[in-house]
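Asks: The primary structure of each chain is shown beneath.
Number of protein chains: 2
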Amino acid sequence: MAKLTSREEDYSKWYNELVVKADLAENSGVRGCMVIKPYGYAIWEKMQAQLDKMFKETGHQNAYFPLFVPKHMFEAEETNAEGFAKECAVVTHYRLKSNPDEPGKLMVDPDAKLEEELVVRPTSEAIIWSTYRNWIQSYRDLPILINQWANVVRWEMRTRLFLRTAEFLWQEGHTAHATKQEAIDETVQMVNVYADFAENYMKMPVVKGVKSESERFAGAEDTYCIEALMQDGKALQAGTSHFLGQNFAKAFDVKYATSEGTQEYVWATSWGVSTRLMGALIMTHSDDKGLVLPSTLAPIQVVIVPIYFNDEQKALVDEKSEAIVKSLKEKGISVKYDNDDKQKPGWKFAEYELKGVPVRIGVGPRDLEKGQVEVARRDNLTKEFVSLESLEEAIPALLSEIDANIYNKAKSYRDSHITEVNDWDEFQKLLEEKGGFLSAHWDGTMETEAKIQELTKATIRCIPLDAKQEEGKCVYTGKPSTQRVLFAKAY
Amino acid sequence: MAKLTSREEDYSKWYNELVVKADLAENSGVRGCMVIKPYGYAIWEKMQAQLDKMFKETGHQNAYFPLFVPKHMFEAEETNAEGFAKECAVVTHYRLKSNPDEPGKLMVDPDAKLEEELVVRPTSEAIIWSTYRNWIQSYRDLPILINQWANVVRWEMRTRLFLRTAEFLWQEGHTAHATKQEAIDETVQMVNVYADFAENYMKMPVVKGVKSESERFAGAEDTYCIEALMQDGKALQAGTSHFLGQNFAKAFDVKYATSEGTQEYVWATSWGVSTRLMGALIMTHSDDKGLVLPSTLAPIQVVIVPIYFNDEQKALVDEKSEAIVKSLKEKGISVKYDNDDKQKPGWKFAEYELKGVPVRIGVGPRDLEKGQVEVARRDNLTKEFVSLESLEEAIPALLSEIDANIYNKAKSYRDSHITEVNDWDEFQKLLEEKGGFLSAHWDGTMETEAKIQELTKATIRCIPLDAKQEEGKCVYTGKPSTQRVLFAKAY
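If you read the protein sequences in the order shown, they are chains X and B. As numbered in this note's numbering, residues 103 to 593 make up the first sequence, in order. As numbered in this note's numbering, residues 103 to 593 make up the second sequence, in order.
Just so you know, these hints were derived from the structure itself, not from any lab. All figures in this text were calculated on a predicted structure; none of them were measured in a lab. Just to be clear, a hint being listed does not mean it is correct.
Claimed, not checked - Listed next, the in silico PhoX-like pairs over lysine-lysine satisfying Cα-Cα at most 20 Å (straight line): (1) Lys199/X with Lys531/B; (2) Lys199/B with Lys188/X; (3) Lys188/X with Lys207/B; (4) Lys431/B with Lys158/X; (5) Lys531/B with Lys336/B; (6) Lys438/X with Lys158/B; (7) Lys485/B with Lys450/B; (8) Lys531/X with Lys123/X; (9) Lys472/X with Lys336/X; (10) Lys450/X with Lys422/X; (11) Lys188/X with Lys215/B; (12) Lys553/X with Lys115/X; (13) Lys431/X with Lys485/B; (14) Lys422/B with Lys472/B; (15) Lys155/B with Lys148/X; (16) Lys438/B with Lys422/B; (17) Lys148/B with Lys158/X.
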């Protein structure tokens with residue numbers, strides 16, 4: 103197995119190689135679309151299961167809405183339509199026919215042109231609010247708290263596995279409320295759910311904040327987000343939760359009768375995370391040997407590699423290994439016993455390092471004689487001997503320790519890369535030399551934001567929710583400002 | 103709540119009304135596409151969870167492949183392409199732009215025409231086998247056992263909720279094998295998994311069989327299926343498993359090196375079930391009062407409806423009901439306590455009958471004085487009093503009894519509607535007057551099959567796997583035949 107390009111040598115190349123070599127995903131024969139391979143999909147399934155549980159615990163139900171959005175529906179909310187029209191896949195025909203000029207080939211049948219074009223959903227506000235219109239008559243029908251797991255398509259020109267693909271998988275919550283405050287509360291609740299998931303399951307520290315106007319979702323009044331920091335000092339938006347005001351209710355004429363009998367427009371939110379989280383997970387923890395996964399999302403938490411040189415040893419090692427498998431499974435740990443004898447132990451060690459399995463147990467005859475096995479941690483690549491009797495207790499504790507360690511490591515990197523800066527030269531210098539989040543004052547105008555981006559490629563990632571009020575001067579224009587915002591170059 | 107049309111009056115109308123009134127699904131604003139509502143989706147999620155478990159237990163892993171199939175890939179396997187070209191959604195453009203003639207409206211941007219059209223997947227053999235080509239070099243790479251949960255689109259002209267929709271949700275297994283026998287074994291294994299799921303989780307009896315050539319999947323060498331019988335005497339194909347031979351391997355040039363070093367084409371299978379199963383479930387068990395669900399797939403297995411006339415009674419009823427909820431939840435039963443005081447008990451009774459909740463417990467002060475509650479079964483609409491002490495034991499037993507009862511009821515209906523017939527006049531008469539499966543001899547030709555369909559609308563549903571060899575004469579042509587096949591009108 104050829105070694106990975108190191109992060110230092112070429113971070114971007116390291117990422118691309120890692121995704122492919124660890125069997126997570128690959129580019130497909132369809133421009134911009136990826137194939138998510140079984141090992142990558144198994145991680146995504148674990149993410150889905152946990153998020154789905156958290157959505158249900160906060161009162162949401164799943165449903166499914168159509169893939170296609172008829173053009174008249176798509177264009178109803180103008181800001182939203184404008185935001186997505188430039189990069190959408192459009193279905194115009196419903197049949198192919200034999201091509202008379204090329205035997206065996208097909209062509210679009212011009213007689214099968216749709217009366218109205220269908221947009222492949224880039225997001226589902228339009229189709230869902232056209233449906234909610236029929237579901238909502240009175241305040242008794244509210245709130246509606248629905249989530250959908252689906253594929254969406256955005257015709258991105260420059261794509262990268264997981265981070266930006268033409269088709270991606272996501273969940274999108276779409277809720278309807280009687281009052282503005284209730285909708286805002288929902289928006290905030292869901293950004294908190296995302297932060298909880300990122301920190302406690304992905305072991306990835308995030309900053310919760312609000313987007314500036316120019317970074318807002320098309321059609322939203324406010325976009326809340328969680329922002330993470332990758333190991334190359336670039337930020338990554340990991341989830342967003344939008345307060346949509348009454349924009350979609352007005353576009354689709356969705357009103358409800360209040361308990362007093364008046365008619366009011368309904369208030370809306372939407373929120374989503376996608377397979378992009380896979381990219382965030384990979385880039386937050388992994389190293390030059392491969393993936394590093396938290397036990398909370400690892401498809402295999404523990405792998406057992408047997409070591410033997412003859413049949414007698416094999417019998418003993420098999421017996422002991424299978425006993426370990428059994429005892430760990432009873433503890434709810436997912437264990438793989440890799441007794442494939444076509445590969446050598448050394449090859450397996452490298453393979454499971456590449457795949458990010460948190461703990462590897464080596465079981466060999468000499469250690470067994472001493473009543474012990476060798477336990478290797480993926481996170482810091484250390485090994486220790488653990489007695490067979492204490493293994494059942496030691497492994498769950500070790501998994502927790504690994505999870506805590508990779509979170510703390512990512513957090514200390516992230517924390518050391520949030521730099522307060524008050525001077526424009528320093529701002530540019532830090533961005534080039536160190537990267538990370540620059541916490542700076544900003545005069546609040548879109549013009550300044552655009553100018554800074556033009557000069558440095560840094561964007562405002564968010565106005566942190568916990569930003570304190572503080573008198574200051576815009577780092578670029580020197581105009582007055584009352585709070586710091588976070589700038590960074592971003593994925 | 104207006105009553106449902108009865109099955110006898112108009113079976114088709116009964117079905118359509120039931121799907122909508124029980125909040126399972128509804129037609130959307132997109133031609134032929136449905137919205138699956140939360141209650142319907144919750145049933146589908148239970149189906150998915152069980153099937154997914156069964157796929158994993160038989161060694162399969164999930165993955166995800168692109169939604170789009172480029173035209174050149176789509177047309178590579180000619181039989182398959184021909185089968186699906188007539189009814190596929192085609193993406194031709196990747197952008198909309200402002201329509202200069204109609205302010206606020208959009209139009210397809212003629213400058214954003216794709217170089218090659220993309221077909222929205224009607225099934226994924228083409229895209230998957232174009233991918234497997236890169237995954238398979240030697241016998242060591244085989245078998246590949248992959249499943250995908252996805253949406254697919256087939257441009258059906260006449261659609262019905264769940265039974266036939268332009269977009270539907272399904273799973274599609276796609277496996278690759280070194281030998282013909284191994285692929286056939288996989289095909290048979292998966293039709294057995296489907297039959298197991300249908301009978302033990304949907305409580306729906308099915309016939310396992312093989313399709314005749316004209317009913318085969320486009321591109322398959324053999325199509326295995328499970329066929330169920332609905333209450334109106336029409337059959338419904340509930341799942342299919344295809345032995346694809348080397349057709350896709352040849353179309354996409356997928357060869358492997360054998361252990362002897364020769365190059366061979368790979369053998370393939372594919373198999374799928376879809377949201378159509380929802381239609382099958384509904385039509386197999388439900389009655390004129392609404393849905394009837396087995397406890398194995400019911401989102402709510404037990405509902406508790408409190409009955410009280412004053413606050414003092416309410417306090418007592420609440421306390422006892424909550425104790426019941428707790429004790430049943432501890433048994434792993436999903437219970438809903440419906441203490442919404444905006445609706446009367448009578449309304450709730452009708453509502454949960456409509457929704458098919460298997461068991462309803464009425465908790466009222468007079469019964470509580472006697473230490474009992476009223477337990478109503480949805481399947482046969484009977485009620486009995488059960489003492490509070492025995493409830494915790496009685497409810498799980500009752501759920502099993504209900505499941506057994508609805509299975510047996512469906513099976514006795516189905517069994518009494520498989521009729522051996524040897525005479526053409528009788529064949530036609532039975533089909534009109536009784537419906538169901540007609541077990542008859544057939545001369546094995548596509549011509550006879552087509553003629554019978556033309557005259558009666560009946561098709562060969564399958565050649566049952568357990569069909570015994572028996573000398574006979576074709577029911578239509580009188581030519582010799584060696585086994586009976588099942589004919590029926592079908593959904």
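Asks: Confirm or reject each hint.
Replies: The hints, checked one at a time:
1. Straight-line distance between C-alpha atoms of Lys199/X and Lys531/B comes to about 40 Å, which puts the hinted pair past the 20 Å bound.
2. A hinted pair counts as satisfied when its Cα atoms are at most 20 Å apart, and Lys199/B with Lys188/X qualifies at roughly 7 Å.
3. Straight-line distance between C-alpha atoms of Lys188/X and Lys207/B comes to about 14 Å, which keeps the hinted pair within the 20 Å bound.
4. For a cut-off of 20 Å, the pair hint linking Lys431/B to Lys158/X stands: about 17 Å separates their Cα positions.
5. A hinted pair counts as satisfied when its Cα atoms are at most 20 Å apart, and Lys531/B with Lys336/B qualifies at roughly 15 Å.
6. Taking the CA atoms of Lys438/X and Lys158/B, the gap is about 15 Å. The hint holds against a cut of 20 Å.
7. With a C-alpha separation of about 16 Å, the suggested pair Lys485/B and Lys450/B falls inside the 20 Å cut-off, and the hint holds.
8. With a CA separation close to 35 Å, the supplied pair Lys531/X and Lys123/X exceeds the 20 Å bound.
9. Distance restraint check for Lys472/X and Lys336/X: the Cα-Cα separation of roughly 48 Å exceeds the 20 Å cut-off, and the hinted pair is therefore not satisfied.
10. As the CA atoms of Lys450/X and Lys422/X are separated by approximately 19 Å, the hinted pair is consistent with the 20 Å bound.
11. About 13 Å separates the Cα atoms of Lys188/X and Lys215/B, which keeps this hinted pair within 20 Å; it holds.
12. For the proposed pair Lys553/X and Lys115/X, the alpha carbon gap of about 30 Å is over 20 Å, so the pair is violated.
13. Proposed proximity of Lys431/X and Lys485/B is contradicted: the alpha carbons are some 43 Å apart, above 20 Å.
14. Using a Cα cut-off of 20 Å, the hinted pair Lys422/B and Lys472/B holds, with the two alpha carbons roughly 13 Å apart.
15. Between Lys155/B and Lys148/X the CA atoms are separated by roughly 14 Å; this keeps the pair inside 20 Å, and the hint holds.
16. The hinted pair formed by Lys438/B and Lys422/B meets the criterion: a straight-line CA distance of about 14 Å does not exceed 20 Å.
17. Distance hint between Lys148/B and Lys158/X is fulfilled; the C-alpha atoms sit about 15 Å from each other, no more than 20 Å.
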